[in-house]
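Engineer: Here the protein sequences come in this chain order: A and B.
Those letters in the first sequence? Residues 1 to 553, per the UniProt record's numbering, in order.
Those letters in the second sequence? Residues 1 to 237, per the UniProt record's numbering, in order.
Don't read these hints as lab results, they were simulated from the structure.
Using N, Cα and C, we set each Cβ at its ideal position, and we do this for glycine too.
Among the clues, some could well be false.
Output of the computed footprint for chain B on chain A, the stretches with three or more beta carbons under 8 angstroms from beta carbons of chain B [said to hold, decoys possible]: (1) 179-186; (2) 442-455; (3) 481-491.
Simulated DEER-style distance windows between Cβ atoms [to be verified]: (4) B/Ser38 x A/Ala14: 49 to 55 angstroms; (5) A/Gly26 x B/Leu84: 53 to 59 angstroms; (6) B/Leu145 x A/Val472: 49 to 55 angstroms; (7) A/Gly49 x B/Val193: 37 to 43 angstroms; (8) B/Gly175 x A/Leu250: 42 to 48 angstroms; (9) A/Leu142 x B/Ile182: 37 to 43 angstroms; (10) B/Glu135 x A/Phe200: 34 to 40 angstroms; (11) B/Glu135 x A/Pro243: 50 to 56 angstroms; (12) B/Glu28 x A/Leu27: 50 to 56 angstroms; (13) B/Glu135 x A/Gly26: 54 to 60 angstroms; (14) B/Ser140 x A/Thr138: 55 to 61 angstroms.
In case you want the letters, here they are:
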Amino acid sequence: MSTIVSLPDQSTAALPKRNYLNAEHGLLSWLLTGDHKRIAMLYLISITGFFFLGGAFAGLVRLELLTPAGDLLAADTYNKMFTMHGIVMIFLFLVPSVPATLGNFLIPIMIGAKDLAFPKINLLSWYLYLVGGTFTLTALVLGGVDTGWTFTTPLSTHYLNTHVITTGLAIFVAGFSSIFTGLNFIVTIHRMRAPGMTWFRMPLFVWSNYAASILMVLGTPVLAIAIVLVVLERTVGLGVFDPSKGGDPLLFQHLFWFYSHPAVYIMILPGMGVISEVIANFSRKRVFGYTAVAFSSVAIAVFGFFVWAHHMFIMGVSNYSALVFSLLTMLVAVPSAIKIFNWSATLYKGSITFETPMLYAFGFIGLFTIGGLTGVFLGSLGMDIHLTETYFIVAHFHFVMVGGMLMAFLAGIHFWWPKMTGRMYPESLSKLAAVTTFIGFILTFFPQFILGYLGMPRRYHAYPADYQVLNVLSTAGATVLGVGYLLPILYLAWSLKYGEIAGSNPWQATGLEWQLQSPPVTENFTEIPYVDYEAYDFEWLAHKQKQEVTTVG
Amino acid sequence: MVVTQPGDLHEEHEHEHVHLPQHRHHFETEEQQREAASFGMWLFLLTEIMFFGGLFMAYLLYRNWYNPAFVAASHTLSIKLGALNTAILITSGFCMAMAVWAAETRKRKALVNFLGLTNFFGIAFLVVKYFEYAEKWHDSHIPGLKFSIADFGKLGVDMAQKTQVYYSLYFAMTGMHALHMIIGIVLIFWYMVRANRGEFTEGYVAPIENFGLYWHFVDIVWIFLFPLLYLIDLGAK
């Protein structure tokens, strides 16, 4: 912060008198709001709640694995714990996190619109999210569900006597929340861009959310129908997946992974958008190969639909299709690599400063690269057969989704926190949190690669004593990681009251959102802007500031 | 590039021309609002296609594997009732199209009447469907609840068992279609009340147009279901 000269309008040390937060008062004004920024805040609060719930389950799982014997939790309790951890984290945290909070808040502003196209549907999707969350909690209170988050048939339809139906409903409803968010984004981006805001002037955050929205809109309904069929098999005994009636359990897996593999990109693409914004801003350069980065998001979305069967290499897909899916899977690495290389090229000779969002972004690049490369191992047929259903898989997808997505989410929250609340977070504490998270993460999940390679299977509550050292390391890391997550929630809450006033553009960033006051007013723009400059045009910004300083001077 | 910053004064929203009451502030023009609504509806229908797509895929797959069972089971369906329902549904689709026309040409009475007719045929469809389902119950062709393979003895026990997949899909697909009809019928009642107040005949036709798209989508799903479930094996023995 010290290196950046304040803009003239930042000297007044008070929040703007009129903004979206104080536009109306009372609980009802929040619960019935149509303002995309308020809905984003509602999401932020509820998503954070579910994140810590899911984290608590993870903590129990790691505690159980501290010792080789299954002494803390019984086997079925343990199964329920990792199932709830997976369901809560994936459907109630990772999928909605960046789109529903940052995307909701920023997409209309970034393209110069007053709101999303359908504010009522936007509010409805938050309520659907809450209903989904409530069903999940109900299932938990009633005794939990132990299918694993994948609901694999016939386990889920015939053999488990737990609350599959309640949880299935939860995911069905939460899925609609996701469909409506995606639909809203696509329509808004197509129809509500300000004059002059062409497709290739949009910030990359908008591009990546657009790509993720396509996946949400096309993938989620397939999950919905698969879940409906599971529920119908459980309740009335329909036989689409039931082998005794001629059905095929593998069909469920095809339908499930047709959504759930693209879902990984629903989670990671918006995160990549955040990283593009952060990297461009803290290296003061336009993102290298803007067009390539924009198209790589769409490419990831398209390829994402053709790789699902790599989840079934050991479950009886033919050799020929396994080969094809193996090749297609590796193809996804290409657009991902385009992004990583272009971010590196952006950093090259940039004026880099290490603010907190940038630290998280570096964490993202490191961890996501490891996660992505191990994904290539797993995409290779032979390796997959050795490593599948071991802790190698667990480490791989945690590197991608926690190391990638969660780092990006935290980078984004810190980057736009001043815009959302009008106040800065404490600088040194936030840097400490970023470093703690990174160290905790590596310590938790790196040992799991080795465990998996050595053959420790996932989903067991006890293991041979040989694996204990690495498991102790992992559990210790989880504790550090927990501290890394708790710190931001504490100091961010503190900053709401005591944080330094941020001013409209604390990072000297480009982009329409930084030209509005912080926090912005309801309906964002009193006059729709005309956009006649490219995204990330820092020279234009410097020129503009020079003019303003001379006028004031 | 200029972004106007709002001052502390409450600025008034000045409109250059008179807006319809349904025009929302965050849209620049009514045209933009109408286009957005229509685009949103098409996207929603795309998700519906993906939703039914899973079922169609399952149908094609199993039909390929267990062709004799599917042929035999499809012969137990009543083509007469299916054809009657197809006619009923196409008529209701026609009434819906007329309702959209009535809204666009601002004929309030005609709009209410055509919506009513659409609903009448929609309900008639469900009544016929009820008789079909009752017939299946009577013949013990409901997997999970009441099923016997007595009708399919000549297929051999193994293949005869596979008819359960056919009926599972039959009920899943037609049931899902019927659920969409029920949702549509409830919505039409609500639209009739609002149309009667004259809401859609003063230039604000987007809800009726978009509902029309939904209703036609439900029709089209049936247009695929009828040949796939009833007719495709007509010539086969």
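Engineer: Flag every earlier hint the structure violates by its number, smallest first.
Structural biologist: 2, 3, 4, 8, 9, 10, 11, 12 and 14
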